[in-house]
Structures are given as structure tokens and as C-alpha cells.
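J.: From first to last, the protein sequence lines are chains A and B. Note that this note's numbering numbers the first sequence so that position 260 is 260, with each residue one more than the last. Note that this note's numbering numbers the second sequence so that position 99 is 99, with each residue one more than the last.
Check the hints yourself; a few may be wrong.
Derived CB-CB ranges, DEER-like [claimed, not checked]:
| no. | chain 1 | residue 1 | chain 2 | residue 2 | range |
| --- | --- | --- | --- | --- | --- |
| 1 | B | G173 | A | T205 | 54 to 64 Å |
| 2 | B | K247 | A | T118 | 29 to 39 Å |
| 3 | B | Y5 | A | R325 | 14 to 24 Å |
For the record, the hints were derived by calculation from the structure and aren't laboratory data. Just so we're clear, the structure is a prediction, and the values are computed from it rather than from any experiment. Every residue, glycine too, gets a C-beta built ideally from N, C-alpha and C.
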Amino acid sequence: MSDSGILSGEFFMNGDEASAEGAISAGCRFFAGYPITPATEIAERMARRLPQVQGVCIQMEDEIASMAAILGASWGGIKSMTATSGPGFSLMMENIGLGMMTETPCVIVNIMRGGPSTGLPTLVGQADVMQARWGSHGDYEVIALSPSSPQEMFDLTIEAFNLSETFRLPVFVLSDELVGHMSEKVVIPPPEQIRLISRLRPTQTPDQYLPFMAGENLVPAMACAGEGFHVHVTGLTHDEQGYPQTVAQVHERTVRRLVDKIRFNTSRIVRVEEFQTADAEVVVVAYGCTSRTAREAVQILRSQGRKVGLLRLITLWPFPEETIRRTAQGIKAFIVPEINSGQIAYEVERCAQGRAETVLLPMMGGTIHTPEMIMEAVKEFLP
Amino acid sequence: MKIRYQPIVPFNREAVDRLIDEQHGLHPDDQYLKPGRIPHIWCPGCGLGVVLNTYINGLKMSGIPIDRSVVVSGIGCTGRVAGYLNMDTYHTTHGRAIPFATGISLARPDLSVTVFSGDGDLFAIGGNHFIHAARRNINLKVICVNNFNYGMTGGQVAPTTPVTARTTTTPYGNAEASFNLPYLAHASGAVYVARWTTFHARQLVNAIAETLAINGFTFIEVIAPCPIGYGRPNKIGSGLDEMIYYKENSVVRNGADPREADVSLRGKIVVGKFSEEKRPTFREDYEEKVLKKFRRTEG
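Next comes chain B alone, as it looks inside the complex:
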């Protein structure tokens, strides 16, 4: 057959460069942000800006250069974090950030690989990958931003939505039990498990820096406001109201048994560093028990 293609509009590099010249570099942290990517897409009152900021500050505190840092994310609002960071970043398919990151981490064990994704991405569609990567102790820093719902698609029920909470797909209240993420992570084998809220920005910076120094599968849950998808239908109020809720209802219990870290609709939120342990990573064991057998010695 004959093909009559549509005309192609070429990439306008000048316009892109002009935008970057005019708008990039005004903020001291711009070196950590991809030139020309701000403004971000997140809603007013969303917790993701805080999380992005704490990650940048945690990275600074860790001393790991951006050239050695990789961020991998799945799909969803949190999935967009990767695209704003000025480093090698990979925005993959829904639920598959962890196995993609596993490939990078095993191919380049010298790099620091962080997985940034949401509760739906990591624990519904991606739940199986999470438990297996934790079991294998793949050297990944997993940061899960938990806003208790599917924000990107407009506020549907998630595996973290507390029972009785309203979402667009639980209009009469959620009838399902929700995951207790720190307990799940701990039971699956994560070597570091913590939970903070976006109200605990300083603790979060410290926790991120702390995990970046650990060789192994670490897990930080960040409870974050979603005033549009979760706050409004559950009458929590604005993003600011949700921050006040975290302030008044969070209980810091470092070393707490993660089994006691369940979250309910209007209950207390147990936060803190729940556990840390040391065990060999997959790559360390593979080096020691497999690759070493075949390594040629010099001379």
C-alpha cells in the first residue's frame, strides 16, 4: 500500500535551552533537579514535594554524589519523583520498579539504587516483587510514599486504605483489611524498616541518609497527605489539615514491634525506626559463594 505520513514537527532545542537558561539554577538545590522539569505535576497540599526535598537533603547528608545515584520508580504520583531528579532515573511499568532496579543493582553494584514508588505500585500490583527482593536482600533503598489511595487515577481504594475509609471505588466505606507495611517489610526480610510522615521531615532526612549508607534492602514508609484523593472524601480536610493530623496523632516509638504499627482511619500513627539488622546481600553471597570459585587469580 501507499503510505502518506503526517508531517513531523522537529525537536526545538533552542526553546528547551532557553527555558533552562531562564528558569534553572535560581534555587540552591537546582543542581539536584533535572534542568527544565519544574514545575512538577503534583496537586497543592500533596506530600510528594516534602518527600522529594527530604530525599535531596538525605542524599546530601550521605555524601553520595549524584553521578553514583540511580532512582527507579513505577507508575503513579510517586512514580513521577524519578523524572525530577538530576541523576540517572528510570520511570518503569506499573509495579515493576523493584525488578528493574534489581537488574541495575546487580549489573552495577557500585551504584546506589533507590526505588521511589507509591503504596499501590509497590504493594498491590508490585507486591510479589517487593517480598522477593526483600527476601533476597537486593541492595535497594525502597522509599514508599503511602497516601492510602490511588491518587493519579483520582482516588481509588489501595491495599493500604484503612477499613471504612471512603474512596471512589469504596463509596460506602472500605470493607477490606489493609496492609501494615513495616510489618510486611520486616517479615519479608528488609534489613532496615522505618515509618515517618511528611510532618517528620528532619527524621526522614536522617532516615534516608542512614539507609543510603546501608548495603542491603531497606524500607522507609512515608505517610503523606493526598488532600484530593483521600483527604476530601474522608473529611480530613486540606493538605495542611492532614499535616496537623500527623502532628497530633503520631506516636514516635523507635524499636517498636512492627506488628503494632497498624494504621486506622482516625487512629494514632506509630512512627519511628522499627528495626535494623545485618545480613549478606544477594550480590555479596553470589560473589562469595559463586563468582569467587571462577575468579582467575593474577599471575
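Next comes chain A alone, as it looks inside the complex:
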């Protein structure tokens, strides 16, 4: 292990463990969590690994406290993370909103299982996609990444930290039980090959600094606790000084910036993988574990000469609207398999604007689609 604590090398590990290693590699030095299947392995790995890099890992009394603690640690100037699954994700929602309103960088890993309620603790689901987008009350835009392999659990956890530090907000790694518990080869690169981004720091003197005054990129510089800036941080609507203002004009300005800093940077954030889409007449849109099945289906169909492609969503939020809009021109249909009753499919249909048909292949959870299910749906358009 290098001085940075990064475990460079090749490993056989599961997605949860890879996510924890991604966090350590990204410089995360504070983890607060609560045991929950199927995310517990992340907390366990962090409990073992963080002390080795002089970081702190604490098991809190619940997920509400875990989320609050990582916000506090982030204001203490440390990169912080929590990991959970459905029920815990629900409990975190109010403090996720606090993180959005106070523009607090941190990472939340949600290893999705079947819901609602306690649902299927040990089995796969993908039904928290809309919850991640809209779960806390009020208006804000989110960033959610969807890994489809243990390697991506590592890579995208680092990416989540970089995005959270760049845009100053809690960022979601929205994985699922299958990817979390799947073991594959994971390559952890040497430290010098890992690109890390840190939050913008104030350049002004404390009496000139305005904690929520953003420049052209719409992201304010962040002064953390004990740095002499005497910042007031509140979940109330606040002005550029950070002072509470129960005024419509200030609310318009503040919330607009929270939304715009993501909306205006969507093209910088969005990542999709296009597989065999160039000449495709039918495109499967999939993410997470489902994209692995979809790829298999596309490969089989291609070997049979059918013009089908895969659009794998790496970024779920902000939604890759432009990609869908562009792809919709000149194809017959989008096929959207997802382990829920229909979430991303609505976004696909919205962006297709009637130019291509959208077919949802819902599955309530507990198991995954077979390639045949996807192939049959494609064959309706490409007999």
C-alpha cells in the first residue's frame, strides 16, 4: 500500500468492497453508517480500512444520524461518505435535502434492493431511481451514477467524490444488490493515475468573503469550520451571506442556482456508453445489473443479423436527455428493461418525443431479466 493508502493492484472483490476502496482512493476520510443488507460490506470495509489511513469510521444510531454526521464532517473539511439501502435511503432524505440546500459535498452509496418497505433485503431491485431524483422535499437537481460492475463501483465512487467536490452537493452512487454482491476483477491504479478534485476554497479575506456568492460556474467557494470565516450555514432559504431570508426574491435566486449549477453543466456530467448503436434500428436502454443482461441480448441478436444496440446509462441523473433525443431520430423503438415497475422508461419516453416507440420491460425485483425477455421484445420490431 502506498503512502496515500491506495491499495494499488489487481483484486478479486465484490462491488461493495470496491466502492469502499474507491472512497479511500478518492481521499474519503470519514464514514458514518448503519448496518443494512445489502450495503453492510461497505461499512465493514470502511471500518477496517479507514483507521489504516488515519480516518474515522463510526457506526451511528440510525441512517438519519449517519447522513447528518457526514454533512458535519464535510463542513469539518473532510471528504465523507455513507452507504445504505432502501429503508436507510428513505431515512436519509431530509438530511440529503439539507446537504442540497447548504451545498455540502459528500457521497451516498445506495445498494438498491426490492421495496417498498422492508421488501427484499437480500435480493436485487432498481426501484429507488425516482426516489434519488425527487426523494427530499423541495426543488433541487441531483447527480446519480449507476455502476454495472465491481470495477465501476470503484471508478464511479471516485467520480462521485469528484462531482460532489466540483458542484458542492451530495452525490449518489445508485447501485444494486447484484452489482454490490458480485465479485469480479478490480484494478486499482497507482495513486498518480487517479484524478482527484477538491472543493473550491475562498481566496478573499474573511471580511470580503460571501459564503454563498458563486462565480460564473454557479458554485460558491467553501470555507469550512475553524478556518476563521465565521460562516453561518442554514437549511433555511439564505442569501449570499448565508443569512436566513424568508423572501420570495431570495428563494428564487437561491433555488435557481441550486438547479442551474447542475442543469447548465449537464453536458459536463452526463456519461453514457453506446454499444452497437450507430446503425441500430432498436436500442435497448439499460443501467446497473440490467445492462449486463441487455448487452448479452444485443450480442446474440447482432449475431443473428438484427440491427440492435445498447445505450448504457452511467449517469442516471441528470438524465441524458440529448442522447435519447438524438438516438430517437431514425430508430423504431427503445426497449427499457428495469427492475421496477417503470421509472427511467418514463424519462426515455419523454425525451423520445414520439419519434420512437418506448417499450418498458418491468420486473418488480428479486431477480433479473433474462436475455430472452429482452430479445423477444426486440424481435417484435425486428422479426
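Could you slot chain B onto chain A? The hints should help.
T.: Below, chain B without anything else, positioned relative to chain A:
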């Protein structure tokens, strides 16, 4: 779709600076208050002004500079204390000041972190966090301003409202037993437990200064008047009348068994420093028993 946004009114920095130039710095303690934040929002007769003042004086007495001080609060009237203090202050979600402060304290063990919040915030919605932070002995100075009701929302029953007391949600009198906060804090593991009223301003200053020097989870309950939410429906009178009530009915019993510190509607109020003990904090134990194993020695 097309979006037609409302025009944005930009932040008027000149107006803000002018307000600060004209109004900030007139009072000798203004260096402890955030420029441009006074007047405060509290009602006439409220005890929170006294508590804010005693905190400033306790901080002065402790000698801890404001650059090393952090205040975290939850939601409610007391939750607004944070926003007036000229230091790093965090106004969090309802009930969650303690876990948020836990994150700051563990990330920056060199800072002095105080949690200022009300009885409803700390002991109803936030009760679970309180007992666990006390058990872990997180290095937090908790000051609970207890006005026996939910003041911000207009006077509803709280877990501290004495039995038979009237609030807007107990119009026929409260039928629930209330928490004895010093007993709860002591039993949960707080290393310092005291209760004073806003009438005991000097004792309170001393207690705050005393806790600021302690490494560990300390608890001070401050009983404070809420003439609007609690005084009026219970015929206690104005804020001043409530102070007179504290004067006439408080019994100072330092070292008293906190089990005997129950509060009733018109009864005596036991005040004083109930307990102080020494045990390692979470951070000290984590350093000693965990982090030390992996610390590289120089050379």
C-alpha cells in the same frame, strides 16, 4: 419544453454593508455577534436573550477564541441562537444537531463544538441522538433551553411539558409524564450535568465556562420563560413574572441526585451542578485503541 424563468433580483451587497456599518459595533459584545443579524426574532420576555448573553460571557471566561468555536443547532426558537453568533455556526434539521455536530467534532477534534437547541428538538425528535452521543462521550457541549413547549410553532406540548399543563395540543391539560432531563442525561452517560434557570445568569456563565474546559459530552439544561407559548395558557404571567417564579421557587442543590430533579407545573425547581465525572471520549479511545495501531512513526 420552453422555459421562461422569472427575473432574478441580484444580491445587494452595498445595502448589506451599509446596514452593518451603521448598526454593527455599537455594543461592546458585537464582536461576538454576526454583523447585520440583530435585531433577533425572539418575543418580548423570552429567555433566549439571556441564554445568548450567558453563552458569550461563558465563552469569554473560557478564553476560547471565536475562531476555534463552533455552534450547531437544530430547529425551533433556540435553533436560531446559532445564526446570531459570530463564529462558524450550523443551523441543521429538526432533531439532528447532535449527529451533525458529531461529524464536525470527529473531523476537527481541535475545535470546541457546542450544540444549542430546545427541549423538543433535543428530546422528542432528537432524543435518540442525544442518548447515543452521551453514551459515546462525543466531545460536545450541549446546552438545552427548556421552555416546556414548542414555542416556534405556537405553544404545543413537548416531552418536557409538566403533567396537567396547558398547551395548544393539550387544551384540557397534559396527560403525559415529562422527561427529567438531568436524570436522562446522567443515565445516558453525560460527564457533566447541570440545570439552571435564566434567573441564575451568573451561575450559568460559570457553568458554560466550566463545560467549555471539559473534554467530553456535557449537558446544561437552562429553564427559560416562554410567556407566549407556556406562560399565558398556564397563567404564569409575563416573562418577568416567570423570572420571579424561578427566583422564588428554585432550590440550589449542587450534587443532588438527578432522580430528584423532576419539574412540576407549580412546584419547586431543583437547580445546580448535579454531577461531573471523567471518562475517555469516543475520539480519545479511537485514537488510543484504533488509530495508534496504524500511525507511522517518524524515521
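J.: Note whether the CB distance of Y5 of chain B and R325 of chain A lies within 14 to 24 Å or breaks it.
T.: Given range 14 to 24 Å: holds, Cβ gap about 22 Å.
J.: 29 to 39 Å was suggested as the range; check whether the CB atoms of K247 of chain B and T118 of chain A agree with it.
T.: 54 Å, violated
J.: Could you say whether the range 54 to 64 Å given as a hint is met by the Cβ separation of G173 of chain B and T205 of chain A?
T.: 57 Å, holds
The structure does not agree with numbered hint 2 stated previously, though it agrees with all others.
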